[in-house]
Each structure stands twice: as C-alpha cells, then as structure tokens.
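Given only the sequences and the hints, what does the whole structure look like? Please build it.
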Amino acid sequence: METSRRDFLVIGGRLLVMTAATAGALEHVLAGTPEKAPTYDTAAHWWAMTIDIDLCIGCGNCVRACKAENDVLNEPFYFRTWVERYHVDPADMEHPTVDSPNGGFDGFMERYPDGSGKTFFVPKLCNHCAHSPCVQVCPVGATFETPDGVVLVDKEYCIGCRYCVQACPYGCRYIDPRTHTADKCTLCYHRITRGLTTACVETCPTGARQLADLKNPADPIHEFLRANKIQVLKAQMATGAKVYYAGLDGAVR
Amino acid sequence: MVWLAVMAAARERRVRVAPRFKDVEHLLRLAGLFLAGVLIFVIVRGALVPDDFGALGHYRAGALASNRDKPVVHAGQAACVGCHVDVAEVRAGSLHAPLGCEGCHGPLGAHASAQDDRKPVRPEGRDLCLRCHAANAGRPAWFRTVVATEHAGEERCITCHRPHAPALR
Numbered sequence: 000m001e002t003s004r005r006d007f008l009v010i011g012g013r014l015l016v017m018t019a020a021t022a023g024a025l026e027h028v029l030a031g032t033p034e035k036a037p038t039y040d041t042a043a044h045w046w047a048m049t050i051d052i053d054l055c056i057g058c059g060n061c062v063r064a065c066k067a068e069n070d071v072l073n074e075p076f077y078f079r080t081w082v083e084r085y086h087v088d089p090a091d092m093e094h095p096t097v098d099s100p101n102g103g104f105d106g107f108m109e110r111y112p113d114g115s116g117k118t119f120f121v122p123k124l125c126n127h128c129a130h131s132p133c134v135q136v137c138p139v140g141a142t143f144e145t146p147d148g149v150v151l152v153d154k155e156y157c158i159g160c161r162y163c164v165q166a167c168p169y170g171c172r173y174i175d176p177r178t179h180t181a182d183k184c185t186l187c188y189h190r191i192t193r194g195l196t197t198a199c200v201e202t203c204p205t206g207a208r209q210l211a212d213l214k215n216p217a218d219p220i221h222e223f224l225r226a227n228k229i230q231v232l233k234a235q236m237a238t239g240a241k242v243y244y245a246g247l248d249g250a251v252r
Numbered sequence: 000m001v002w003l004a005v006m007a008a009a010r011e012r013r014v015r016v017a018p019r020f021k022d023v024e025h026l027l028r029l030a031g032l033f034l035a036g037v038l039i040f041v042i043v044r045g046a047l048v049p050d051d052f053g054a055l056g057h058y059r060a061g062a063l064a065s066n067r068d069k070p071v072v073h074a075g076q077a078a079c080v081g082c083h084v085d086v087a088e089v090r091a092g093s094l095h096a097p098l099g100c101e102g103c104h105g106p107l108g109a110h111a112s113a114q115d116d117r118k119p120v121r122p123e124g125r126d127l128c129l130r131c132h133a134a135n136a137g138r139p140a141w142f143r144t145v146v147a148t149e150h151a152g153e154e155r156c157i158t159c160h161r162p163h164a165p166a167l168r
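Sequence lines, in order, name chains A and B. Counted the way numbering that gives the first Met the number 0 counts, the first sequence spans residues 0 to 252. Counted the way numbering that gives the first Met the number 0 counts, the second sequence spans residues 0 to 168.
It is worth saying that the hints were derived from the structure and are not from the lab. Any given hint might turn out to be false.
Stated by the list, open to error - No farther apart than 27 Å at their CA atoms in a straight line, the calculated lysine-lysine pairs in the DSS-like style are these: (1) A/LYS228 with A/LYS117; (2) A/LYS154 with B/LYS118; (3) B/LYS69 with B/LYS21; (4) A/LYS214 with A/LYS233; (5) A/LYS228 with A/LYS214; (6) A/LYS214 with B/LYS69.
Unchecked claim - Simulated DEER-style distance windows between Cβ atoms: (7) B/LEU167 with A/ASP105: 27 to 35 Å; (8) A/GLN135 with B/ASP51: 18 to 26 Å; (9) B/VAL120 with A/ARG161: 33 to 41 Å; (10) B/GLY81 with A/ARG161: 41 to 49 Å; (11) B/SER112 with A/LEU72: 23 to 31 Å; (12) B/VAL48 with A/ASP105: 43 to 51 Å; (13) B/VAL48 with A/LEU72: 27 to 35 Å; (14) A/ALA226 with B/VAL120: 22 to 30 Å; (15) B/ALA54 with A/ARG161: 21 to 29 Å.
Positions of the beta carbon are idealized from the N, C-alpha and C atoms, including for glycine.
Here's what the structure looks like:
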C-alpha cells in the first residue's frame, strides 16, 4: 500500500495525540491496573439522571442491582435506590397511598386489582443536588459535591453524627450499621468514571432510568429535557436536584 | 567602663522610678502562653488535617479516588455481547432486545473478567418473568401483562415463549 504524504501526516498526528493521552495511563497499564489510570477528567462531566415514570414497570431490578453492585446490606432494609408505588384516589388527590414493600426489592404484588384510582411507580435515589442540604450540614467535610456533580461520602472522614441523614429532604441517606458512617447512592461513581453506566440503569428493562451527562452536548438528556414535561422532587427547596422526572404526578412527595 | 556606668544608672533609675505597669510580668507570661497555644494548635492541626483537604473544596480530595476504587460487580452489556454473540443475534430485534443481560442473569463482573468460574444464573420457574409481566395496576398500559393463572394455569412461561426473543415458539 502506498502512503501519501497527506496520509503520513494524518497518521503521524494521530499517533502524537494518542501518545500524549496515554502517557499518564501507561504506568498503570504496565502495572496491570488500567482502571486506575488518570484518564477520567472530572471537569468534563456534570452527571445527572433521568427517570421516565411512564416507562417504569415496578420490577425492582434497579433495587436488586444497586444492592449487589454497592454492597448494600439486604437487611435491615436500607437502600441507595428504591421504588415507591403511589395510589391516588381522584376524590382525595392530596392524600395518596404510598407503599414500598422492602423498597421494591421483591417487586410489587397486585394491590389494587379493582382498577380504582390511579396507580404508578416512582423510582427514587439520591438527587445529587447541586446545592445539597446534606453537604451544607456536615460538620467535618466528609460529604461533598464533586467537580463532576456527584454527592459523595468520605467514609474515612465521616464521624457518623447523622446530621446529613436528617438534612436530606429526600430520605436518601442512612447509617451503615457495619461502619457507623453515612452511606448513600454514589451514582456508581466507580462505574461512571470508568465509562460504564450505573448498575440500576444497566439492569432497567424498559430504559425508564438513564444516566446523563449534562456537559456532553451529544447526550440524549438534552432532547429528553426538551421533549418532556419535567419535574424534580421538592423543587421549592431549591436543592438543585439533578434527577429529572418525566411524567411525574403532582401527588408525589 | 562607660557601659557599666550606664547599666548602673539604669538600675538606679529602675529602683527609683515606680514601674508603669505593676503586672507587666503577668502580661508577658500570658502572651507567652497564648503564643504557645497558637503554636500547638497549628502543629496539631497540621498533623490531623490531611494534606489534600481543601484542594478541591471543603473535603479530602483523595475521597474521590477512594469512592472510585471499588470493584465493578456488573460487567455491563458490552462485555456480555463481546463473547455471547449467538445470544445477541437471537435477541436482536425482539421485544427483549433492550434488556441488559444482567437484569435477569444477575451481576457477572467476576464472570466477565474471568476472575472466577461463576456462571450466569439461569432463571427457573416463572417468578422472574412475573416480576415484570404479572398484571399490576401500577404498570403502564403499553406494557404487556398477564394474570398468570388465567393465561397459562401452572405452566412455565418458557414452555411457549423463548426468553431471549419472547415471541411464541
């Protein structure tokens, strides 16, 4: 095959760029731990999640996958993500009946076979707020918003004072009884920083949940936010919640 | 000699002139204590607060790495399809094509990275199918559900349906 001068320059240029990009990673690749290579740029992402209520079938795959992925205790029933079932009686829309048996871990048995009212599932998780109440109350700086928009807990620094558990308006935090430190959804930080999606999104059969990167102009979230009527939970609390719900009923708290 | 004379004169003056602050000694001790306190605080704080605290914000920058440094339990769809091309072909175009393998077969990160010989769970019975497909008022209208006993009695779903491409056999 003949190589034109132009091809040579193009290939050479690519090689140069690739070499620069891999230089930092090479050390880790040689050591057999490529996943630790510092190729992930926190400044290039702003993570969020979208949930389409009309697609959620209440199977509980997300709850089971989350527990397996993140070593969340099966019992007592603490959750990083869980699914609630709302039943709204049109005659009394302000007082919906909400249940979440084992957080939806075993799925949902039929409870409203007569078809009365309106019934739907609402998956919940940490909203990864841009202005998190939990971060504001932490007295030791053990919980924080990362530069890429994920709220994380520093387990080595947490003193287990439970302020954040009380401060979260969404009930997304719990104290891990093994370590006595706060625990919560990390948006699978160990996965998304390696180019994978979260465990709940990976196993969601209908695509009701989607991981989204708001800093990526090609991400489908921009179309999702444009094409749907969007709500976040407790918008009046100005937490800057980044879990965007499409088709959310006003009865949901 | 001159220096000695000056010192002597000063000593005499000190004897004669009453000190302006009677407790100046106390103030000096207090200042010393205060300085020692500040010094101890700075040293102890330096020892207790990690170097990377505050590098990115009011937290330990290393906590990002410790949150990242966890094993991946779910391999992800791309890893499954990389080997199981035959199953991917069966699934393609079917109603179950959008499902992730690990939704039904369980987390398989260890299987995919060949760290152990764990095999995918092969779901038996019909509990798994019915977790999604049992009639439930909460399920959206577009989603296909059945009342299992009316639909098939006690028969297993896979008698008639292929799970990877659930149209009738």
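Cβ distance range 43 to 51 Å for B/VAL48 and A/ASP105, holds or violated: 45 Å, holds
Restraint check for A/LYS228 with A/LYS214, where alpha carbons must lie at most 27 Å apart: Satisfied, since the Cα-Cα distance of roughly 21 Å is no more than 27 Å.
27 Å Cα cutoff - pair A/LYS228, A/LYS117: 19 Å, holds
Status of the given 23 to 31 Å range, CB of A/LEU72 versus CB of B/SER112: 25 Å, holds
Distance restraint evaluation - B/LEU167, A/ASP105, Cβ atoms, bounds 27 to 35 Å: 29 Å, holds
27 Å limit on alpha-carbon distance, applied to hinted pair A/LYS214 and A/LYS233: Satisfied, since the Cα-Cα distance of roughly 24 Å is no more than 27 Å.
Outcome of range test on Cβ distance (A/GLN135, B/ASP51; 18 to 26 Å): 22 Å, holds
Distance restraint between A/LYS154 and B/LYS118, which requires alpha-carbon spacing of 27 Å or less: 33 Å, violated
Range hint compliance [Cβ, A/ALA226 to B/VAL120, 22 to 30 Å]: 37 Å, violated
Cβ separation of B/VAL120 and A/ARG161, checked against the hinted range 33 to 41 Å: Given a distance of about 37 Å, which is inside 33 to 41 Å, the answer is holds.
A/ARG161 and B/GLY81 - C-beta distance against the hinted 41 to 49 Å: Given a distance of about 44 Å, which is inside 41 to 49 Å, the answer is holds.
B/VAL48 paired with A/LEU72, Cβ distance criterion 27 to 35 Å: 32 Å, holds
Violated hints, listed in ascending order, are 2, 3 and 14; each of the other numbered hints is respected by the structure.
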